[in-house]
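*Asks:* When you get a sec, could you build the whole thing from the sequences and use the hints?
These protein sequence lines are chains A and B, in that order. When the letters of the first sequence are read in order and numbered with this note's numbering, they come out as residues 5 to 260. When the letters of the second sequence are read in order and numbered with this note's numbering, they come out as residues 2 to 297.
The set of hints was computed from the structure by calculation and includes no laboratory data. Quick reminder that beta carbons are idealized off the backbone N, C-alpha and C, glycines included. Do not take every clue at face value.
Stated by the list, open to error - Just a sample of chain A residues kept apart from chain B, beta carbon distances all over 10 Å, derived:
#1 E25
#2 A48
#3 G78
#4 T81
#5 M117
#6 D148
#7 G206
#8 L221
#9 A242
Unchecked claim - Covered by chain A, per the in silico footprint, the following chain B stretches (three or more residues, Cβ under 8 Å):
#10 159 to 167
#11 174 to 182
#12 217 to 226
Single-letter residue listing:
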Amino acid sequence: MPFFPSVLHEPSTLVDGLAIEVTDLTVMYGERPVLWDVDWQVPAGVLMAVVGPNGAGKTTLLRAILGLVRPVAGSITVFGRPPAEARRWIAYVPQRTAVDWDFPATVLDVVLMGRYRHLGWVRRPGAQDRERAMEALAQVGMADLAHRQIGQLSVGQQQRVFVARALAQDAWLYLMDEPFAGVDAITEQALIEVLRGLKAAGRTVIVVHHDLQTVPLYFEWVTLLNVRCVACGPVATAFTGDSLRQTYGERAIVIS
Amino acid sequence: MGFAFWLDPTFRLVAVGSALIGAVGGVLGTFALLRRQSLLGDAMSHAALPGIVLAFLLAGSRDLPLLLAGASLSAWLGALLVVLITHRSRIRPDAALGLVLSVFFGFGIVLLTVAQRQPTAAQAGLERFLFGQAAMMLRRDVEGIALATVLILVVVLLLWKEFKVLAFDPAFAAAIGLPVMALDVLLTTLIVLAIALGLHAVGVVLMSAVLVAPAAAARQWTHRLERMVILAGGFGALSGVLGTLLSSWIGRLPTGPMIALCASGIALFSLLFAPHRGLIWTAKSPGGKRDAGPSG
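*Replies:* See the structure below:
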């Protein structure tokens, strides 16, 4: 049963290993390929951006790593394990727009959901989970809003809540889908500090990002994706005008 | 008039039955509403009709558990068809719901007409499942309803956090390893069960009002799921009792419309007058649609 109570088991291939290894991955939605023959390797402990145009398959790639979409071909391992087994090491931040923020819940309610996997079936979050959730909220600067109704949050605060929920998951790999979308500059700075903190603690962080300008500022690794994996590696070698043109087409603004 | 009706054991029995039906409807309706599946409840309750009549035609008796089994089965089939049509074709969910509702209900009405032409007397009262007649409830029916209510509430209580995360963020629920599909099926099954229970008192046509109206009303008064579920259950129970009471007062009216009217009345009142979210409140407060905070 994949939903089980667990302490934080360390993945065995942490040191100098690969966090993610994707080989020949192809995912189709009906007749349309969303990901085509993707080979992708992510070393453990990096802070990586995934960029690409709309419909490039960025979200699908994250969902494939979580084992939520069935590939037509190819294999995925996370810390050397298949996705269904590795899920307990992964924290996930879906796109903010994936949920209805008018849902009757407080900020703390949502962040506590990050503890659910540790609790397993039936058991309710206890004092320890509450404490961990409050810590996570403090990390994103939202501790004083813990009891605020989520419908009253700004976009930036909503993103912070989602990141806090992921922090409360205590994972080794963080998959974040557009956590900077629609946020103000202060929130962006606060969140990038949180991501750097995770990296410093040896966690692997993968962020779907939409702002090419800030890629070299915030990230040390980058993946350029457009159905195929165009380039992947340290920003210095992979984030070139050439690979950007290949990803976005000729209209790409080349950033030096 | 007085309050002599409370002393009447038959009335008390029927009132308890209607209250339980309303309570279960409110609790499960909360999840249906939050998952934007209110119309699915409507389609499922209409889809129950052919099941009831077919069960009667095949068995030749009006044995209640049998009819309810038929109702559940056909409501389930309706829900399944909606899901299949939505996933396997280009037809949009709202059209799929409309399609299933009208086809099943139309077929049910045809079957009902056939059944009523039968020479035996057994079919008498079958049409009461359209609009409900709580007075038909017997002691063992109410006992069955009570048992099912306890069962449903226990499941909701045990799987509280699982249903909560499923309703709020299904993608996240799947990512933490919850069997989202199985939970979805379970929740739908509970709703089918609630519909089957309610057919007696409320009927297939208006059962969705018992699912949707108390939940919509409850949402107006609270920002917490826990309180919303309890309030919706309370509003549902209140509607059940009031509706039964009114219909027995006015006399020989079907109970379904009265219960639905009470539930809708509570919902209307809440939509208008609830603090923060009510229309009166938001009209007064400057620049505010609902109590949305700063955006951007």
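*Asks:* It remains to establish, for every hint, whether it holds in the given structure.
*Replies:* Against the structure, the hints come out as follows:
A cut-off of 10 Å between C-beta atoms confirms that A:E25 is not in contact with chain B; the least separation is 20 Å. Against the 10 Å criterion, A:A48 stays outside the reach of chain B, whose nearest CB is about 20 Å from its own CB. Once the 10 Å rule is applied to beta carbons, A:G78 is consistent with being away from chain B; the minimum gap is 20 Å. In this structure A:T81 is separated from chain B by more than 10 Å, as the shortest Cβ-Cβ distance comes to about 17 Å.
Its beta-carbon lying about 5 Å from the closest one in chain B, A:M117 breaks the requirement of being farther than 10 Å from that chain. The non-interface label for A:D148 is consistent with chain B: the shortest C-beta to C-beta separation is roughly 14 Å, beyond 10 Å. Distance to chain B confirms A:G206 as a non-interface residue, since its nearest Cβ pair spans about 22 Å, more than 10 Å. With a minimum CB-CB distance of about 23 Å to chain B, A:L221 clears the 10 Å threshold, and the non-interface call stands.
At roughly 27 Å, the least C-beta separation between A:A242 and chain B is larger than 10 Å, which holds for a residue marked as non-interface. Chain A is given as covering the segment 159 to 167 of chain B, and this holds because 7 residues of the stretch bring a CB closer than 8 Å to a CB of that chain, at least three being needed. Remark: the segment 174 to 182 of chain B is confirmed as covered by chain A, as 6 of its residues place a Cβ nearer than 8 Å to a Cβ of that chain, reaching the required three. Counting residues of the segment 217 to 226 of chain B whose beta-carbon sits less than 8 Å from any beta-carbon of chain A gives 5, enough to reach three: the coverage restraint holds.
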